[in-house]
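Each residue of the sequence shown is one higher than the last, beginning at 1 in UniProt numbering.
Where hints are given, some of them may not hold.
[Unchecked claim] Derived lysine-lysine pairs resembling DSS-like cross-links, with alpha carbons at most 30 Å apart: (1) Lys93 with Lys22; (2) Lys40 with Lys22; (3) Lys81 with Lys22; (4) Lys93 with Lys81; (5) Lys40 with Lys176.
In case anyone wonders, no lab produced these hints; they're calculated from the structure.
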Amino acid sequence: MGRTRDNAVTKTDQTESALLSKAELRQRLQQVGEAMYHHKHPFHLQMHAGQLTRGQMQAWVLNRYYYQSRIPIKDAIILSKSEDVALRRAWRKRIIDHDGDTGAGGIEKWLQLAEAAGLDRDYVISTNAILPGVRYAVDAYIDLVTNSSLLEAVSSSLTELFAGQLIALRMDALAKHYPWLQNGLAYFQGRLTQAPEDAAFAFDYAAEHATTPHLQSLVVRSLERKCALLWAQLDALQYCYVEPGSLPPQPNVFRPELS
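Model the full assembly from the supplied sequences, consistent with the hints where possible.
Okay, here's the thing in structure tokens:
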């Protein structure tokens with residue numbers, strides 16, 4: 001046991017022993033994304049291969065809405081942590097992107113996807129039918145942002161460094177394998193440009209303000225924690241709707257129609 005602790009301490013010391021350059025920090029984050037981002041989750045792999053049923057796709061759209069609806073809330077919490085006018089000015093764009101301003105925002109576009117999937121708008125908005133595991137994971141993300149430093153909260157959004165490529169792949173896969181969703185893909189079109197812009201700003205902020213090896217390690221760990229929470233949402237969907245297909249006993253949980 002003592003040797004395990006000693007090894008852990010040594011590894012931590014080595015991780016935090018030298019300040020990484022901006023390029024090295026970006027490479028370290030890229031390594032996290034390659035290992036932990038949810039593009040490799042079995043649920044996503046099956047989705048992109050066209051192997052999910054209409055009901056399974058409906059379950060994904062329905063449950064993912066809860067995450068989408070919490071994004072501007074998360075961003076408002078980050079704004080409340082900052083005394084930096086420039087950061088607040090740049091970050092509030094994220095809230096407008098999702099809530100909308102003069103046009104439809106990301107949340108409205110996701111509801112359009114839900115309607116294209118055959119789900120009732122009010123039913124989705126209520127979030128009464130989502131899986132407990134999905135709710136738990138999303139709420140944990142809000143807790144992470146609420147209870148962490150500004151640097152950590154900003155760094156948790158760095159999953160967007162990897163989102164652009166996944167979004168492009170998803171758009172092609174959905175159009176090819178699930179043509180009945182064709183009228184609901186506007187959300188992904190918008191994120192093709194929004195996600196890279198947001199990621200670039202967040203990374204520059206993290207790189208500038210992580211001025212010690214310890215702070216850089218916090219940036220990396222925040223990204224790891226966010227990746228884990230995204231993965232957990234898909235774990236719940238995989239277990240309940242794909243394999244073994246074991247739904248929880250809550251009476252309101254979404255149950256696809258038998259096809």
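> Which hints, by number, does the structure contradict?
Replying inline: none
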